[in-house]
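Student: So for the sequence shown, my numbering puts the first residue at 1; every next one is plus one.
Just so you know, these hints were derived from the structure itself, not from any lab.
Values in this document were obtained by computation on a predicted structure and should not be read as measured data.
A few of these clues could be false.
Unchecked claim - Label-pair restraints from in silico Cβ distances:
| # | residue 1 | residue 2 | range |
| --- | --- | --- | --- |
| 1 | Glu-169 | Ala-45 | 22 to 28 Å |
| 2 | Asp-66 | Arg-92 | 41 to 47 Å |
| 3 | Gln-172 | Ala-29 | 37 to 43 Å |
| 4 | Arg-92 | Glu-59 | 51 to 57 Å |
Note that beta-carbon positions come from the ideal geometry of N, C-alpha and C, so glycine has one too.
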Amino acid sequence: YVETDPTGPLGAYGRSKLAGEVGVQVSGADHLIFRTSWVYAARGANFLRTILRLAAEREELRIVADQIGAPTWSRLIAEATAHALRQALQERSSGTFDSGVFHLTAAGETSWHGFASAIVEGRQGLRVKTVTPITTAEYPLPAQRPANSRLDTGAFRARFGLTLPDWREGLQLCLEEIPQ
Numbered sequence: 001y002v003e004t005d006p007t008g009p010l011g012a013y014g015r016s017k018l019a020g021e022v023g024v025q026v027s028g029a030d031h032l033i034f035r036t037s038w039v040y041a042a043r044g045a046n047f048l049r050t051i052l053r054l055a056a057e058r059e060e061l062r063i064v065a066d067q068i069g070a071p072t073w074s075r076l077i078a079e080a081t082a083h084a085l086r087q088a089l090q091e092r093s094s095g096t097f098d099s100g101v102f103h104l105t106a107a108g109e110t111s112w113h114g115f116a117s118a119i120v121e122g123r124q125g126l127r128v129k130t131v132t133p134i135t136t137a138e139y140p141l142p143a144q145r146p147a148n149s150r151l152d153t154g155a156f157r158a159r160f161g162l163t164l165p166d167w168r169e170g171l172q173l174c175l176e177e178i179p180q
């Protein structure tokens with residue numbers, strides 16, 4: 001998806017994010033809106049931490065394989081945002097700033113199953129022996145999830161001159177931060 005594609009939030013969370021975007025845009029204030037997805041971190045509650053916990057407890061994990069996105073490390077988001085803000089401040093000083101919406105995710109794509117498999121492969125000493133792919137229908141959740149969460153970051157790269165790294169690079173660095 002590119003930034004100008006029609007939006008179609010599937011649940012309350014997505015609708016609230018879109019309402020926030022619209023509110024900022026209609027405020028008339030200078031703004032940069034960064035859309036991201038599949039965010040994980042070394043701390044807190046997130047998919048990466050859940051997979052590490054479950055892989056230490058179980059011999060098999062059953063993970064959805066028909067939803068696609070780009071796992072994005074929270075540090076990448078923070079560093080890319082800081083880079084963009086430094087540039088935006090320079091643009092404002094020179095009178096060339098333009099507000100906008102930008103996609104900010106790691107490069108590449110995978111499924112939740114692919115992400116879980118990479119997490120398990122990147123970590124020693126886990127109990128899990130098998131990461132089994134399943135369909136979304138086999139793992140019902142209260143909130144519907146999009147099958148395709150891929151976001152094109154070309155506009156971010158063009159505006160801020162920053163090529164975002166592949167999701168596997170961030171995962172490797174993040175795993176190094178988490179004690180065994």
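Student: Against this structure, judge whether each hint is valid.
Tutor: Verification of the hints:
Glu-169 and Ala-45 have their C-beta atoms about 23 Å apart, which keeps the hinted 22 to 28 Å range intact. Between Asp-66 and Arg-92 the C-beta distance comes to about 44 Å, which sits within the given range of 41 to 47 Å. At about 38 Å, the CB distance of Gln-172 to Ala-29 agrees with the hint of 37 to 43 Å. A beta carbon spacing of about 55 Å between Arg-92 and Glu-59 agrees with the range 51 to 57 Å that was offered as a hint.
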